[in-house]
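**Student:** Protein chains in written order, with my numbering: chain A, 1 to 111; chain B, 1 to 114.
Keep in mind that the hints are not guaranteed to be accurate.
Stated by the list, open to error - Calculated cross-link-like contacts (lysine-lysine; reagent style DSSO-like; alpha-carbon spacing at most 27 angstroms):
| id | chain 1 | residue 1 | chain 2 | residue 2 |
| --- | --- | --- | --- | --- |
| 1 | B | Lys71 | B | Lys9 |
| 2 | A | Lys63 | A | Lys42 |
| 3 | A | Lys63 | B | Lys71 |
| 4 | A | Lys42 | B | Lys71 |
As the list claims (entries may be wrong) - Derived list of chain B stretches under chain A, where covered just means 3 residues or more per stretch with a C-beta under 8 angstroms from a C-beta of chain A:
| id | region |
| --- | --- |
| 5 | 36–50 |
| 6 | 66–78 |
Quick caveat, the hints were computed from the structure, so don't treat them as lab data. A virtual CB, placed ideally from N, CA and C, is assigned to each residue, including glycine.
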Amino acid sequence: EDQVTQSPEALRLQEGESSSLNCSYTVSGLRGLFWYRQDPGKGPEFLFTLYSAGEEKEKERLKATLTKKESFLHITAPKPEDSATYLCAVQANTGRRALTFGSGTRLQVQP
Amino acid sequence: DGGITQSPKYLFRKEGQNVTLSCEQNLNHDAMYWYRQDPGQGLRLIYYSQIVNDFQKGDIAEGYSVSREKKESFPLTVTSAQKNPTAFYLCATTRGGANTDTQYFGPGTRLTVL
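Same shape as in the complex, but just chain A (with noise of 0.2 angstroms):
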């Protein structure tokens, strides 16, 4: 059964303060890996897609990295506007192409 464990569960910086949050994953082979934003009350927005161990994949102040049992989102001098819930996701290697998500990491932000 696949997975995903995401720590820690809340997360608060102060702005410019830099951070990572952590995904790890048990998934019997993987497609690909995912994160996403998700601000209160909507639906969760796509940021990343990582396939193998040793890629990384940047977007403003965000940066995901991958091994072969974990993954890594590095929030560098975060800006309140950042604040949301953070989920990460798998996709196994099968016929079935759903994903299966981590409860998430809910990072504030204070200015």
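Mind docking chain B on chain A? Use the hints.
**Tutor:** Then chain B, alone, in the frame of chain A:
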């Protein structure tokens, strides 16, 4: 304006009622999915459809039903058999591609049982 629309945004249901949540897309995506999100939990798969007139149960299909008569539409019915339907419901679609299938989500419907 392209995208995924879900309606209504808020829905209230009385005990014993069936309700239907709408999901429409004009992205020409083949696959569509329904997820349920409870507070502090990850999204859980209810049903999915990879082509018109075909759909499969997800991990928590009991008490739900779907149809896929058109490529653009994938409505979800929450039946009276669903014991705890209060949740945030999210519809997603998949474009498809060579490596993997990025899922794009609609804005969600919040269902509350009175």
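**Student:** To test your reading of the hints: which numbers does this structure violate?
**Tutor:** Violated: hints 3 and 6.
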